[in-house]
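Visitor: What follows is each chain in one-letter form.
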Amino acid sequence: MYDMKALYEAKSVSHACELLIEHPQSQVIAGGSDVLVQMREGKRAGKELVSIYMLDELRGVTLDEDQNIRIGSLTSFSHITHDDIIQKYIPVLGEAVDMVGGPQIRNIGTIGGNTCNGVTSADSASTLFAWDAVVELTGPEGVRRIPISEFYIKAGKVDLRPGEIQTAILIPEKAYKGYFGHYTKYAMRNAMDIATLGCSVNVKLSTDKQTIEDARIAYGVAGPIPMRTKTAEAFVKGKKISKELMKEFGEKVLEDVTPRDSWRASKAFRCHIGEVMAERGLEKAVKRAGGEI
Amino acid sequence: MSEKQYKLLTCTINGKKTETMVDVRASLTDLLRNDYRLTSVKKGCEVGECGACTVLIDGEAYNSCIYLAVWAEGKRITTTEGLLGPNGELSDIQQAFVDEAAVQCGFCSPGFIMTALEILDSGVEYSDAELRKLLSGHLCRCTGYENIFKAVKKTMYKRLGKEWKDC
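Taken in sequence, the protein lines are chains A and B. For the first sequence, our numbering assigns the number 5 to the initial residue and increments by one for each residue that follows. For the second sequence, our numbering assigns the number 26 to the initial residue and increments by one for each residue that follows.
Treat the hints as calculated values from the structure; they're not laboratory data. Only a predicted model underlies this, so the values are computations on that prediction, with no experimental measurement involved. Treat each hint with caution, since some may be false.
[Stated by the list, open to error] Covered stretches of chain A (chain B as the covering partner; in silico rule of three or more C-beta atoms under 8 Å from a C-beta of chain B):
id, segment
1, 97–107
2, 134–148
3, 151–162
4, 192–199
5, 234–244
[What the hints assert, rightly or not] DMTMM-like cross-link-like pairs, simulated, lysine to aspartate or glutamate; straight-line CA separation at most 20 Å:
id, chain 1, residue 1, chain 2, residue 2
6, B, Lys29, A, Glu52
7, B, Lys100, B, Asp55
8, B, Lys100, A, Glu61
9, A, Lys9, B, Asp48
10, A, Lys256, A, Asp212
11, B, Lys190, B, Glu98
12, A, Lys251, A, Glu279
13, A, Lys15, B, Asp55
14, B, Lys158, A, Glu99
15, B, Lys100, A, Asp60
16, A, Lys244, A, Glu217
17, A, Lys208, A, Glu154
18, B, Lys68, A, Asp7
19, B, Lys32, A, Glu69
Backbone N, C-alpha and C fix where the C-beta goes; we use that ideal spot for every residue, glycine too.
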């Protein structure tokens, strides 16, 4: 038995919003792989929960009329990995979420929960930052869409207003068309572990595959919230592909990242692997895009 | 909790349609063990790390300890009890666990078998590395995993109609 005060089950998105307004102290539960564990640990014991888990309309990946990829917030990690649209257009997101926890966690964990949690180590978050994802929030006043970089406010805090739930994550066509990516998770174990550092890189090459037209790189655990390293991005833009360029790209990353010392890894170690991950990640992304180094 | 909150839950457990008045605070593990005496569903860590409570829900493997019982509404739940034949015969994967000595204390076995079933039912031929990754959501403190891995691999080949060479 879980130590919860009450459970309110939402029958629809608008019902979920009503329940959240009616019970302002309540917390949203999606797949529960964080909420229930924290309830068991005592951190969230005695709370009221609004369950949105049964809202099947929030599941699935689709392409909208403008070719934007729409991922319902309750889509599980394993469904994202196996989804045809994801595999065709942004396989790197499927690969990134395939590194979360273990197989059973990937069947229950949702991309909405992963982002609404507000933790920097979320395996989906850095890739979503790197692909300029847009977060769709539905509340009593309607729907609003914001860039994921604005959704994260500080560690554990995201821009969810009273009565609001996250209903989808969108990847705009202009953000993925022609881009190829790579995600690296550095952790102590291959399963059931939290990233020491996560790094997602993607590139768009010129038609002759010689020059980097655009590059985006984002980190998890390099700061209190997931972040882009814009200095490195600006540095490689328009440059000719070379081994040295990859190395310099890695060095430039250090101008923006702000990891901390924690019991899992020191700041110095995180900076070191951050540099190497950027260099290798860019290399792999360029190769995936058809470029040669 | 000030007053208890119950809900009528309808779901299919091991092929039988069931109706249960369930406490909303219950996990699916609680429901299966306490109301249906399906004690193959083990309580290990109870935080989704050890995999001992794994069951299939509509064919996918879930840690039932971090799954609310009320979420099972309308779903098909399978535990190892549901794998037995009409006269208590073991299923192929269970027999493989016996044959490969993949069991010592047995606490992790039901969970492992349910995850193995999701893997086998996919009908895909996985590489060793993929199989190890797919089995990584379970802890076993006795066997060192090797025999469990062999049992799953052997059954996978058998179902695909291929010859299995000892790995």
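Visitor: With reference to the structure, classify each hint as holding or not holding.
Guide: Do the hints match the structure? See the list:
1. Taking a C-beta to C-beta cut-off of 8 Å, the segment 97–107 of chain A contributes 3 residues in contact with chain B, enough for the three needed, and the coverage statement holds.
2. Requiring three or more residues with a Cβ within less than 8 Å of a Cβ of chain B, the coverage given for the segment 134–148 of chain A is violated, as only 0 such residues are present.
3. With a cut-off of 8 Å between beta carbons, the segment 151–162 of chain A has 0 residues touching chain B; three or more are needed, and the interface restraint is violated.
4. Taking a C-beta to C-beta cut-off of 8 Å, the segment 192–199 of chain A contributes 3 residues in contact with chain B, enough for the three needed, and the coverage statement holds.
5. Check result for the segment 234–244 of chain A against chain B: violated, 0 residues qualifying (beta carbon to beta carbon below 8 Å, three or more required).
6. For the suggested pair Lys29(B) and Glu52(A), the alpha carbons sit about 13 Å apart, so the restraint of at most 20 Å is met.
7. The hinted pair formed by Lys100(B) and Asp55(B) meets the criterion: a straight-line CA distance of about 16 Å does not exceed 20 Å.
8. Simply put, Lys100(B) and Glu61(A) have alpha-carbon atoms about 17 Å apart, close enough for the 20 Å limit, and the pair holds.
9. About 12 Å separates the Cα atoms of Lys9(A) and Asp48(B), which keeps this hinted pair within 20 Å; it holds.
10. Restraint check: the Cα-Cα separation between Lys256(A) and Asp212(A) comes to about 26 Å, which exceeds 20 Å; the hinted pair is violated.
11. Straight-line distance between C-alpha atoms of Lys190(B) and Glu98(B) comes to about 43 Å, which puts the hinted pair past the 20 Å bound.
12. A C-alpha spacing of about 8 Å is found between Lys251(A) and Glu279(A), which places the hinted pair at or below 20 Å, so the restraint holds.
13. For the hint linking Lys15(A) to Asp55(B), the alpha-carbon distance of about 24 Å lies beyond 20 Å, and the restraint is violated.
14. Restraint check for Lys158(B) and Glu99(A): the C-alpha separation of about 13 Å stays at or below 20 Å, so the hint holds.
15. Among the hinted pairs, Lys100(B) with Asp60(A) is consistent with the structure: their alpha-carbon atoms are about 13 Å apart, no more than 20 Å.
16. As the CA atoms of Lys244(A) and Glu217(A) are separated by approximately 9 Å, the hinted pair is consistent with the 20 Å bound.
17. Pair hint Lys208(A) plus Glu154(A) does not hold up; C-alpha atoms about 24 Å apart against a cutoff of 20 Å.
18. Pair hint Lys68(B) plus Asp7(A) holds up; C-alpha atoms about 17 Å apart against a cutoff of 20 Å.
19. About 41 Å separates the Cα atoms of Lys32(B) and Glu69(A), which puts this hinted pair outside 20 Å; it is violated.
In summary, the numbered hints that this structure violates are 2, 3, 5, 10, 11, 13, 17, 19.
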